[in-house]
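Chains as they are written, first to last, in this note's numbering: chain A, 1 to 351; chain B, 1 to 122.
Everything hinted at is true.
Facing chain B, a subset of chain A residues (Cβ under 8 Å, in silico):
{"hint": "1", "residue": "H136"}
{"hint": "2", "residue": "N139"}
{"hint": "3", "residue": "Q140"}
{"hint": "4", "residue": "P141"}
{"hint": "5", "residue": "T143"}
{"hint": "6", "residue": "A144"}
{"hint": "7", "residue": "N150"}
{"hint": "8", "residue": "R154"}
{"hint": "9", "residue": "N172"}
{"hint": "10", "residue": "D176"}
{"hint": "11", "residue": "Q220"}
{"hint": "12", "residue": "Q222"}
Here's a subset of chain B near chain A, in silico, CB distances under 7 Å, partners left out:
{"hint": "13", "residue": "D13"}
{"hint": "14", "residue": "V16"}
{"hint": "15", "residue": "G22"}
{"hint": "16", "residue": "S26"}
{"hint": "17", "residue": "Q57"}
{"hint": "18", "residue": "K105"}
{"hint": "19", "residue": "P106"}
What follows is a set of in silico ranges between Cβ atoms, one per label pair, in the way DEER data are often shown:
{"hint": "20", "chain 1": "A", "residue 1": "P262", "chain 2": "B", "residue 2": "T75", "range": "25 to 31 Å"}
{"hint": "21", "chain 1": "B", "residue 1": "A92", "chain 2": "A", "residue 2": "S323", "range": "43 to 49 Å"}
{"hint": "22", "chain 1": "A", "residue 1": "T260", "chain 2": "B", "residue 2": "E39", "range": "26 to 32 Å"}
{"hint": "23", "chain 1": "A", "residue 1": "D228", "chain 2": "B", "residue 2": "D60", "range": "17 to 23 Å"}
{"hint": "24", "chain 1": "B", "residue 1": "R93", "chain 2": "A", "residue 2": "V227", "range": "31 to 37 Å"}
{"hint": "25", "chain 1": "A", "residue 1": "V227", "chain 2": "B", "residue 2": "D89", "range": "28 to 34 Å"}
{"hint": "26", "chain 1": "B", "residue 1": "S43", "chain 2": "A", "residue 2": "G182", "range": "29 to 35 Å"}
{"hint": "27", "chain 1": "B", "residue 1": "T36", "chain 2": "A", "residue 2": "G182", "range": "23 to 29 Å"}
{"hint": "28", "chain 1": "B", "residue 1": "A35", "chain 2": "A", "residue 2": "A181", "range": "23 to 29 Å"}
{"hint": "29", "chain 1": "A", "residue 1": "R55", "chain 2": "B", "residue 2": "D89", "range": "53 to 59 Å"}
{"hint": "30", "chain 1": "A", "residue 1": "T260", "chain 2": "B", "residue 2": "A92", "range": "20 to 26 Å"}
{"hint": "31", "chain 1": "B", "residue 1": "S43", "chain 2": "A", "residue 2": "L225", "range": "25 to 31 Å"}
{"hint": "32", "chain 1": "B", "residue 1": "A92", "chain 2": "A", "residue 2": "V104", "range": "56 to 62 Å"}
Rather than coming from a laboratory, the hints here were simulated on the basis of the structure.
Here a beta-carbon is modelled for each residue, glycine too, at the ideal position from N, C-alpha and C.
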Amino acid sequence: MPFKRPHFNPTPLYPVAAIVLAATIFTVDTITKLEIAIPVFYTAVILIAARFCNRLGILLTGLACIGLIFVSDLLTPDSSLAGVINTAISILAIAATAALVLRVKANEQEAYEARAQLSHVARVTTLGELAASIAHEVNQPLTATVINSNASLRWLSAEPPNLAEARQAIENIRRDTERAAGVVARVRALAKRAPMPKSPLDINEVIGEILMLSASEIRQHQIALSVDLRPGLGRITGDSVQLGQVILNLIVNAIDAMETNPPGERQLTIRSGDGAGGVVVEVSDTGPGLDADAVKHLFNAFYTTKTSGLGLGLTISRTIIESHGGQISATPREPHGATFTFTLPAIRNGA
Amino acid sequence: MTIKPSIAIVDDDESVRETTTGLLRSLGFIAKGFATPEEFLKSNRLKITSCLIADVQMPDTSGLALFGRLTAAGTPIPTILITAYPDEDVRARALSAGIKHYLIKPFSEADLIAAIDDVTGH
Chain A
1 MPFKRPHFNP
11 TPLYPVAAIV
21 LAATIFTVDT
31 ITKLEIAIPV
41 FYTAVILIAA
51 RFCNRLGILL
61 TGLACIGLIF
71 VSDLLTPDSS
81 LAGVINTAIS
91 ILAIAATAAL
101 VLRVKANEQE
111 AYEARAQLSH
121 VARVTTLGEL
131 AASIAHEVNQ
141 PLTATVINSN
151 ASLRWLSAEP
161 PNLAEARQAI
171 ENIRRDTERA
181 AGVVARVRAL
191 AKRAPMPKSP
201 LDINEVIGEI
211 LMLSASEIRQ
221 HQIALSVDLR
231 PGLGRITGDS
241 VQLGQVILNL
251 IVNAIDAMET
261 NPPGERQLTI
271 RSGDGAGGVV
281 VEVSDTGPGL
291 DADAVKHLFN
301 AFYTTKTSGL
311 GLGLTISRTI
321 IESHGGQISA
331 TPREPHGATF
341 TFTLPAIRNG
351 A
Chain B
1 MTIKPSIAIV
11 DDDESVRETT
21 TGLLRSLGFI
31 AKGFATPEEF
41 LKSNRLKITS
51 CLIADVQMPD
61 TSGLALFGRL
71 TAAGTPIPTI
81 LITAYPDEDV
91 RARALSAGIK
101 HYLIKPFSEA
111 DLIAAIDDVT
121 GH
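Next comes chain A alone, as it looks inside the complex (with noise of 0.2 Å):
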């Protein structure tokens, strides 16, 4: 999934803090009898415990606190209506503090699921567009096995048997059965909903591997490709199967705007380099281009200049790259067309 869960933080400065905190308001509120309600601050230590927490440890971080002050009254009983007000104030404050925080963490996880819930959508959408595509990918391997085995039933029955011709024609089915099972796996690595862990890798490769995927697409739109890629780049820390959605999601939405282009003015281009920031993959296309409008919200959810489509490819590709630590961005391209960068940070050598 690209979208990190709302974390705790592992540092152990908030708690230690939080038990700190929770000591001294303790201490203050016990040894000194000042006219203002101490165990307010308490409030503090929820919002610290925040940090740290699940839903349930806040609970019983402010159930604790209304038993610090409770112990406190115990320890220095203060019958005055000022004690018992102040005492009250500090309960409610801290029950609506706790309150207000479970309600912001409930939103987050919201949130949290809804995102990955539209990741998955999206990414079955992008499948959904290649579904027919790939059906042909498979198909041409499948013709040839049927023919093939045809072939060698009739050099074996001859009389007298073609053996070399009936070898020929089993090896060429087991060449193309590869291939075909070649595609099926590409198609399921892509499909699988689990995170794979980050490993170095090679971006060249899975440049290949989505074009080899879409190789039929691009055909199909009868769109000429330039492939560039530079032998020898650097390595980069990532997950296969989610760089090659950025680069699948590029490559369609350029097949997309390309699409009134009479056929001969489709260009694709796909560049790999070294530069500043690190690995820099470019796809380009001949479209309309992108105006200011576009440029602007082109990376915003549901923003789309398609008559079909959900807005999120470019969304989900910028929350991609980002938790890579890389960086992408749309420019026009000179005379027409649109070009679109990312940046992934390289592996140091030795490192």
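Following the hints, put chain B in place on chain A, whose structure we already have.
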């Protein structure tokens, strides 16, 4: 003894092109494969080909457009279209252009041979 027809296979997919060519040769046809329509149009096979098997989806010229060019040039060749990407519109256009056979990959050997026999009148 009947002379078997000369068949041209135009398909940019190497596996399909080579295996179809091989199959037809094993059946005694004179068969030759071409990776692009241009390659076929420039070849010396153009005049002796009595049956053309062409893929619909190819980068520059589709199988249907190839048939159209041959017809427009006054040298029509009976054509069988093959496709891994069936499309009702394309099929309808092919039929109205005079192409009787539109085979969907993966097609069976029997269907292919029946179509060849039909267009070559054997």
